[in-house]
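A.B. asks: Chain residues, written in single-letter form:
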Amino acid sequence: MCEGNFSQKVPLTYLKEKYMKKIILLLLVLSFPLTVHAAQKRYEVPVGDSPSMGARNASVTVIEFVDFQ
Amino acid sequence: MEEYSDRVRLVIKLFPYKYRDHAHIAAEAALSARDQGRFWQMHDIMFEHSPKLDGASLQGYAEEIGLDMEKFITDLSSMAHANEIERDKKLAKDLDLYNTPTFFINGRMIVGERSYEYLKKVIEEELINASN
Chain Z
1 MCEGNFSQKV PLTYLKEKYM KKIILLLLVL SFPLTVHAAQ KRYEVPVGDS
51 PSMGARNASV TVIEFVDFQ
Chain L
1001 MEEYSDRVRL VIKLFPYKYR DHAHIAAEAA LSARDQGRFW QMHDIMFEHS
1051 PKLDGASLQG YAEEIGLDME KFITDLSSMA HANEIERDKK LAKDLDLYNT
1101 PTFFINGRMI VGERSYEYLK KVIEEELINA SN
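Residue numbers (the numbering used here), protein chains in the order written: chain Z, 1 to 69; chain L, 1001 to 1132.
The shape of chain Z in the complex, shown without the other chains (with noise of 0.2 Å):
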């Protein structure tokens, strides 16, 4: 009877070790591109008029929003 039971169990403990590794690996191969993508997301910022310093024409632009308090 216990040898009876014992065999029912043993199946679904190999199936979460066969395919834990699987979902895992799977989750970080998709995960990846999200990252990728959003790590290069870049905000159209407008300038206008606000207070500046360095050269209009520089190729790197830093906007910076902040509170004086």
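Please note: incorrect hints may appear among the correct ones.
Derived contacts from chain Z toward chain L, CB cut-off under 8 Å, selection only [as the list claims (entries may be wrong)]:
no.: 1; residue: Glu17
no.: 2; residue: Val47
no.: 3; residue: Thr61
no.: 4; residue: Asp67
Once the Cα atoms are required to be at most 30 Å apart in a straight line, the calculated DSS-like pairs of lysine-lysine come out as [to be verified]:
no.: 5; chain 1: L; residue 1: Lys1120; chain 2: L; residue 2: Lys1090
no.: 6; chain 1: L; residue 1: Lys1120; chain 2: Z; residue 2: Lys41
no.: 7; chain 1: L; residue 1: Lys1052; chain 2: L; residue 2: Lys1071
no.: 8; chain 1: Z; residue 1: Lys41; chain 2: L; residue 2: Lys1090
no.: 9; chain 1: L; residue 1: Lys1089; chain 2: Z; residue 2: Lys41
no.: 10; chain 1: L; residue 1: Lys1121; chain 2: Z; residue 2: Lys41
Hints were generated in silico from the structure; no laboratory data involved.
Here the structure is a predicted model, which is why all the values come from computation and not from measurement.
Heads up, the beta-carbon is just placed ideally off N, CA and C, and yes, glycines get one too.
Model the placement of chain L on the given structure of chain Z, informed by the hints.
C.D. replies: Relative to the frame of chain Z, chain L by itself:
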């Protein structure tokens, strides 16, 4: 900025937090100083003394950097640049900003305080990108 003045442009947008007592008047003080050609002096002195940015303190800073006090006091009392400040605040809201400082380096958003080395690294990356 001195290191990159010919290759990098730094632009300031004002995003005073509504629940900070002196945030708006400090923003007004900055723009009043801007009109008198002393924006960066006021910017530096306010950050140096923040959060001591009440009206009396701001007048002291204005005197220290040599502003026309009559014009400065008039600007503060009338909040002469309220529209410009609201424009920046609307822009921040449209961008879903929730923290200061927030940087956009050629459009790449960086939220919160960062070290000079970190910002320099990003700037250097963007300088390389721009040259390609």
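A.B. asks: Each of the hints needs a verdict: does it hold here or not?
C.D. replies: Do the hints match the structure? See the list:
{"no.": "1", "hint": "Glu17", "in the structure": "violated (41 Å)"}
{"no.": "2", "hint": "Val47", "in the structure": "holds (5 Å)"}
{"no.": "3", "hint": "Thr61", "in the structure": "holds (5 Å)"}
{"no.": "4", "hint": "Asp67", "in the structure": "holds (4 Å)"}
{"no.": "5", "hint": "Lys1120(L) with Lys1090(L)", "in the structure": "holds (28 Å)"}
{"no.": "6", "hint": "Lys1120(L) with Lys41(Z)", "in the structure": "holds (19 Å)"}
{"no.": "7", "hint": "Lys1052(L) with Lys1071(L)", "in the structure": "holds (21 Å)"}
{"no.": "8", "hint": "Lys41(Z) with Lys1090(L)", "in the structure": "holds (21 Å)"}
{"no.": "9", "hint": "Lys1089(L) with Lys41(Z)", "in the structure": "holds (22 Å)"}
{"no.": "10", "hint": "Lys1121(L) with Lys41(Z)", "in the structure": "holds (18 Å)"}
Violation of the numbered hints given earlier is confined to hint 1; every other hint is satisfied by the structure.
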